[in-house]
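Chains as they are written, first to last, in our numbering: chain V, 1 to 572; chain A, 1 to 555.
Please keep in mind that the hints were generated in silico from the structure rather than gathered at the bench. All values derive from a computational prediction rather than experimental measurement. C-beta atoms are modelled at their ideal positions from N, C-alpha and C, and glycine is treated no differently. Careful: at least some of the hints might be erroneous.
[As the list claims (entries may be wrong)] Simulated restraints on C-beta separations:
id: 1; chain 1: A; residue 1: Tyr378; chain 2: V; residue 2: Arg250; range: 35 to 45 Å
id: 2; chain 1: V; residue 1: Ser539; chain 2: A; residue 2: Ile224; range: 45 to 55 Å
id: 3; chain 1: V; residue 1: Arg250; chain 2: A; residue 2: Arg398; range: 31 to 41 Å
id: 4; chain 1: A; residue 1: Asn240; chain 2: V; residue 2: Leu93; range: 25 to 35 Å
id: 5; chain 1: A; residue 1: Tyr378; chain 2: V; residue 2: Glu232; range: 30 to 40 Å
id: 6; chain 1: V; residue 1: Leu93; chain 2: A; residue 2: Ser381; range: 52 to 62 Å
id: 7; chain 1: A; residue 1: Ser526; chain 2: V; residue 2: Glu232; range: 51 to 61 Å
id: 8; chain 1: V; residue 1: Lys276; chain 2: A; residue 2: Leu17; range: 22 to 32 Å
id: 9; chain 1: V; residue 1: Val14; chain 2: A; residue 2: Phe189; range: 30 to 40 Å
[Stated by the list, open to error] Derived coverage of chain A by chain V (criterion: at least 3 residues anywhere in the stretch with Cβ under 8 Å from a Cβ of chain V; other residues may be distant):
id: 10; stretch: 277-287
id: 11; stretch: 309-316
id: 12; stretch: 320-330
id: 13; stretch: 409-418
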Amino acid sequence: MKIRIKNNSIYISVAVIVAFGFWIRQIYNLPIDSRLASEAYNAFSIFKTGADINGEFLPIFLRGHNDFPGFLNVYLLSPFVGFLGLDDLSVFLATKISYFIFLGTFFYYLYLKRDLINCKEVFENKFFLLGLLLIFTFSPWGIFLSFYGLAESLGLTAFFCGLIFHEKFKSKTLLLFFFVLSFLTFPPLIVMEIIAILFLIDKGGKVKVLVGLIGLFLIFSINNHFRAYILENSFIKTLSPQQYSWQADRRLAYADTLDKTVKLGSINLNRIAQNKYFFAINNYFTDFARFFDFELISSPALTETVIEQDIQNYSGLPKIFYFEIILGFIGFLIVWAKRMKLGILVLGAILTIAIFIREVRLVNILLPLIGVLEAVAIYFLLSHKNRWLRLLSIAGVIVIWGLSLIYFYSIFYYYPEKWVSRNDMVNGVIWDYIKNRGLERFDKVLITDRWGDYTYYGLFYSKFDPASYQKLRQEAIKQGRYDSLDNIGKMYFGSFKYYEDPRAPKQVWAGLPGEFLGMYKDFNQELDLPNGLLMLKTSDFNTKDPYNGKNIWIVETRFDQEKEKPVVEEDI
Amino acid sequence: MKKVYLLLIAILIVGGLLRFTGLDKSPPSLNWDEAAIGYNGYSLSRTLRDEYGKFLPIFSRSFDDYKPALPMYLTIPSIYIFGLNEVGVRMPSALAGFLQIIIIFIISRKIFSSNKVALYSALVLATAPFSVFFSRSMFESNVATLFFLLGVAFFLYREKSWTIYLSILFLILSTYTYHSYKVLVPVVFITAFVGFKVYKYPYSFFKKYFKYIFLGLVLFVPQIYLLFVGTGTARFKNTNILLHWPFSTIGGIYETGIRGILPELTTYLGGYFLIWEIVGRYLGHFSPVNLFVRLSIENPLLIPANSNFFAFQMVFWLIGLVVLFLNINKCRVFVVLLLLSPIPSIINWNWFYSVRVIQLLILHCIVIGLGLAQVDDYFRSKILHIRPIKYVKFAMMRMFTFGIVVIMLVSSLYLFDSLMVLIPKFYSGNWQPGFRESMPVITEMASDYNQIIIESPHGQPYIFTLFYSKYPPEKYLAEVDMERLSKEPRDFYEFGKYRFRKIYWPEDRWLNKTLFMGTTMSLPESDIKEIKNARIIKDIKDLDGNTLVRIVALD
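Pulled out of the complex, with its shape left as it was, chain V reads as follows:
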């Protein structure tokens, strides 16, 4: 019996259900990253006290320690962490739902503005839509955004909502309202908004809207935190002297030691080294080029041999598959050649990068666009008049994509330690242990400061009372300190020397083996920790600095003769 499915929505519904199953599966296993911890704790603080961690009442743009958690994302997180509790599950639930909403608005906008691609039939083709949905749900970057891209998802959602409301109801007020929400959540989107107003919306009243948007942006720039974000993440910072003058100084310092060789005939090479503009321009373009590092985002594990240096701080999960780069480029050429308006969004994204060059999260804005370009490329390949090319494309897409997905999901589900950021993993393990043992049984918790923004992890996992933390922060801010605090309640963060630091009962220490025994020791031998019991040690990880050991130890102090000695080894 031949089954015919007439309604496209059934295809899409099935795909969404399957995809949601994939998304939701890992929700219990992954640790949050420091940015989400910051957003979640600020949301928790707002829910409990109405003020953020710095004690500002209902702020319009948040500032954390040295980070900027944003706006909409924090407020959206508030009810989740408030009602469901401050834990991984509630945060990830919010990020998943945000990504889901983003997909809905993005797809609806694409459907609504079918003229973005000059060929209308593309967006009315069910295979194209289904393929696009599959790319968005199963692609590594989709998974990544759905876990860790809360601000980006919500910023883009607000951006597309603005465009949809303008398209459907011709409402400029709603357009401006959503655009403001969008740039408050993820400020770089202001560039995309300006581009959208210039090229994507209908002609009537364009100038008014543009002036209104820029005016509102300038008004919000009066806010210190918002302005600080702009200055910190835009090209202004890249071109500022403190970013490059050290290079010129270093070069001149070289010259001081060998004044003979720097002179070549009548040319004094020292003189040109003092020209700092060169370093500024070079810095700018170097930062710019890094956004196009598709090797790192497509196959970080493979490129380890060539980019050993970069790989240290980079999680190993590919965000796109290598063949998607080729498809994306083909898609871009098709979009360009056919003068599709979609190209404006792509150029807008590139321009956004050019301006907010220090915002590393911007690569997440590019990824959905690459997805659309891919879908365009696949559609055109599949509908090509050459039968062999069509067949080859279908076979290629099925085989290569299938194999890539097997590889990807095997890492994603079974080897999170291969791709989750090591800082997140380490802090997750430490705090899991402390929570399981019960934080209340310890008088002092000492955690090494070598693993990322330790304070946020501490605040998040310990659910520290926001009102008390606000007081601590306000005291610090009075002294001009916006950075992380090293002492919060019973929690202490910093490197330590267990073997010579004062110890007392009911303490738990977490750090590298070298911090317990001293550097350059054989950490695999029988241990004799003074007044302490090694309760947990993680498996080894790769490090360039192995002198302090290659794993994490958690030690509880013992001053009586207790004999419980459960050294647990845990994978990391």
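Based on these hints, arrange chain A on the given structure of chain V.
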């Protein structure tokens, strides 16, 4: 003279200055490959034999990597003119780098029918860090690239039959100059046959082009022979991608145990990972970060503070790439060359190894040139519509060109600074320093001693000894034990009075009439002072004042 040629001459002057100035100063000394090429060239000029006594070889065994001998022959005239020194050895490569600028001008002008694209491409190549660097050292690949480009240029001007002969000749010559071209040139020929749809009318094609095919085959036959003998593939055996087999990107799978059906499946996907590795390498050759940002991780290829191109050129490269693919019908030959060029490199274990793909980097210069010309045209077309005063308009239209030229020249100054200051000062260790300064001292004293013991932290000290002592090749061939030398891998380096081994002073101190060349670790000053007949002849120091080499005489 036409303006375009005047501009080309100006570009050539800049390119020439960057390539020829201070050739003996930077890189600060020869590396072992350069020393091998130079000394074998010297040997061939004096005896018609290489260091292994092989008569007029096509490949010279060298360090068991079977170097193509053509670069050695090419050094003969320059060694004759400049002597057996850095300039003599490096001059063919510098000249090749210089001539590449002219060839790239010719090629890009022919393909894009635009003087502007040609001039911009030539300017980009003239100042490109990779090209300047490879030209200042004797890289066989740089010379081979010149032959390859000449082959391409003659092919583009194939209206007359003699140009096709020359094209084939130069393309085949490139295969005798560097290993990569042994892969690339056949791939290019095969692609050309497919492109010209030879399979549709093979008989008439072969009849028409028989003389060219015959010439190509005759010239290429020795390569095929050497391929079967093994000397032609010796290098590939040590560098091919399969050295990494079996592939798996999930490390530690066996340690941690199988955690589900998917990981088990992935263990059987070695072939898939191989494809991934190869495609990843291929794409790596078009990665902006590799081309414009990342410094080489290979020490001998490191240009301090510089990548292969200047970072700002990335924008024009992206534009050029889009323009190129959108006009693919007008420049198919170029696009095909661009896409084929990474092939020799992707079957090697290195992820991105610029020296193997100089031809690709040069093609990228054309892409950047294309992007620059495109932006220039766009800029001028916008200015064209406004009507200010005549001279203001004239100046405005040239503003972009002027700006780009200034930025490039300033960037080249920094490149020059990097070459002349940073490499000698901070990276001289990459260039096996110490032999140039120490060998004249040793050579002068050699006649008074029975043996000379050399210990070096660097590889292949024997070739530096031969080179810097200008050891007469006929004497070397007569003294060296050829029978022991014939064993592979080579484990025997002694000749004449020279011995190459570790110095162990507690034992070696009892030797008589011996000269030592070693490090301060093996020849400590305090120990030498204890021996009456021992004296330190000279300490060779680097620019920081650290002792590189100590020469000690034991009378």
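Here is how each hint holds up against the structure:
The hinted range of 35 to 45 Å is satisfied by A/Tyr378 and V/Arg250, whose Cβ atoms lie roughly 38 Å apart. Distance hint for V/Ser539 and A/Ile224: a CB-CB separation of about 52 Å, consistent with the stated range 45 to 55 Å. Under the hint 31 to 41 Å, the C-beta atoms of V/Arg250 and A/Arg398, about 36 Å apart, fit the expected range. The given range of 25 to 35 Å is broken by A/Asn240 and V/Leu93, whose C-beta atoms sit roughly 50 Å from each other.
At roughly 33 Å, the beta-carbon separation of A/Tyr378 and V/Glu232 lies within the given 30 to 40 Å, and the hint holds. The beta-carbon spacing between V/Leu93 and A/Ser381, approximately 54 Å, falls within the hinted interval of 52 to 62 Å. Taking the beta carbon of each, A/Ser526 and V/Glu232 are about 57 Å apart, inside 51 to 61 Å as hinted. A C-beta distance of roughly 24 Å is found between V/Lys276 and A/Leu17, which places it inside the suggested range of 22 to 32 Å.
Checked against the hint of 30 to 40 Å, the C-beta distance between V/Val14 and A/Phe189 comes to roughly 51 Å, which is inconsistent with it. Counting residues of the stretch 277-287 of chain A whose C-beta sits closer than 8 Å to any C-beta of chain V gives 6, which meets the bar of three, so the coverage hint holds. A count of 5 residues in the stretch 309-316 of chain A with a Cβ less than 8 Å from any Cβ of chain V is obtained; the coverage claim is therefore met, three being the minimum. Coverage of a stretch by a chain is defined here by at least three residues with a beta carbon nearer than 8 Å to that chain's beta carbons; for the stretch 320-330 of chain A and chain V the count is 3, and the condition holds.
Look at the stretch 409-418 of chain A against chain V: 6 of its residues bring a Cβ nearer than 8 Å to a Cβ of that chain, three or more, so the hint holds.
Taken one by one, the earlier hints fail for this structure at numbers 4, 9, listed in ascending order.
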